[in-house]
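Colleague: These are the residues of each chain, in order.
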Amino acid sequence: MPRETFQQELDGLVSDVLDFGEEVKDSLENMVRAMEGRDAGAARQELGVDIRYKTWGMDIERECMILQARQAPVARDLRLLYTVQSVTNHLVRSGTLCEHICHAIVDTEGCERDEDLETALVEMARTARNVFNEGLDVFENRDIERARDLQAKDDKVDLLYSESMNLIANPTEGGGGAPEWRMRAALMVHYLERISDHGVDVGGSAVFLVTGQRIEDAMQQYLDRNVDQDAG
Amino acid sequence: METEKTGRERKVSEVSRDQRDARKKGDGAAPGDGLTLGMKIQDLSAFYGSFKAVTDVSIDIQANKVTALIGPSGCGKSTFIRCLNRMHEVIPGARAEGHVMLGEQDIYAKTSDPVVIRRRVGMVFQKPNPFSKSIYENVAWGARINGYRGDMDELVERSLKHAALWEEVKDRLKESGHGLSGGQQQRLCIARTLAVEPEVILMDEPASALDPVSTQKIEDTMDQLKQDYTVVIVTHNMQQAARISDYTGFFYIENMGDPGQLWEFDETEKMFSNPERKETEDYVTGRFG
Ligand SMILES: Nc1ncnc2c1ncn2[C@@H]1O[C@H](COP(=O)(O)OP(=O)(O)OP(=O)(O)O)[C@@H](O)[C@H]1O
Ligand SMILES: [Mg+2]
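One line per chain: the protein sequences are A and B, in this order. For the first sequence, position 198 matches number 1452 in the working numbering, and the numbering has no gaps at all. For the second sequence, position 256 matches number 1329 in the working numbering, and the numbering has no gaps at all.
Only chain A is shown next, with the shape it has when bound in the complex:
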């Protein structure tokens, strides 16, 4: 097959992104563990990952640029390079957010907490991690059917977001935990919501990769078709 080297380079790039994804997954796993067990030690392991992820992301980006310059990719190759860059970006950002959360856990070690809020936070962290993991899996397997379902899972994160924010804004009499912790909790809620969104986007990029369509357009067409079927 012609362009064998180019194909190998593309494959190499994708597997590099997947390796990167695995590491971010591990970081998120650690983060969830730290939240579940109030384990500042686990969280501490993640301090400093941010800079490593950023460097890794820049390496992948540079590789993409070199391939664009040398190979002048079009069509599916171009979509792949575009997708790789965009997924990389989501990974870097998720990694950064994960580190922020771990920082918060370390900084608030020993602070008094509100039990309900903590439960909601942990639940949200688990769900966000699941969405992220699934997004990566959808990307790896180019599973465009599941990309659509991801959105629904993300809705659960949004629900937990509202619930947590509500608890933060309206602490129970004498409860609510230390103010410092509550403040950090608000930020964590926000970061978790972002991580879940990145997961959805990583999964959605599979749709673009395979069909050339934006997930939003694909969803709209899907909805329109159902409306037509209902009408007919």
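Derived from the structure by calculation, the hints contain no laboratory data. Since we're looking at a predicted model, the values are computed, not measured. Please note that a few of the clues may not be correct.
Computed Cβ-Cβ distance ranges for the label pairs, DEER-style [stated by the list, open to error]:
(1) A:1258 to B:1296: 31 to 37 Å
(2) A:1416 to B:1300: 53 to 59 Å
(3) A:1400 to B:1234: 58 to 64 Å
(4) A:1340 to B:1147: 44 to 50 Å
(5) B:1284 to A:1273: 49 to 55 Å
All residues carry an ideal CB built from backbone N, CA and C; glycine is no exception.
Dock chain B with the ligands against chain A, hints included.
Modeller: Structure of chain B with the ligands alone, referenced to chain A:
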């Protein structure tokens, strides 16, 4: 047709200038409004004796646009493009079937004169082929035998400018066309084609024998040319097609021995970002075979 004749009597560039001005003023004139003509091809097949080289091509060539034709070697791009100005039938035993409309006129109708058609649909070939004449005469000759009665100096200058060659040759118009570099010769041939004021310009791999700088110059003229002409270009250089064309047609032979066919035709943007058919994608990404 009366209106068309009036149009032809005016200089094409003048017409187009008016057209552009009209467009700026926003009074509705648009490309393809009849001032520059497009082509409509229906069920065109081309033969060499009993061998069918191209089958059933239907395609609309838009006025004031560049249409690129790509595809593997031997799939019939040159054959097809030669059918668009009746050059194909010049080859002994070769013939075409189907309809090729230039504006309202079927160029294969009995009443159509191939000589007139070839003036209205000009052609630039792969290898530059200037005449053994001066640079000036190379450009003026075609116009003269076509009975051009305007200011010849002006026509030569305008054509050379349009082909982006004027600055390089204006001081040596009397010298032989053969004394030019390959890239300059090719632009001279473009100027020569422009001088007879065609409506459509066909180019069969016009830059394939040229160095990158000359290629760039030819590509740069393309953007200019489409202001006033309809351009069809065959190219093996995929990036060139992506850079210069508005529409791209992919020719393809499905099975060995079959005639070539137009496999996919769409806006260039679409063809190079997300083509519909797998074979097109394999071809444009270089994963062929
Ligand atoms: N003068 C001819 N006589 C007989 N067969 C011809 C002649 N010219 C071309 N053919 C055949 O017609 C088919 C199409 O050829 P054509 O030159 O149109 O292909 P092409 O797409 O322009 O190829 P390339 O990219 O190599 O220029 C080929 O099978 C070729 O062998
Ligand atoms: Mg050819």
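Colleague: Hints the structure violates: just list their numbers, smallest first.
Modeller: 4, 5
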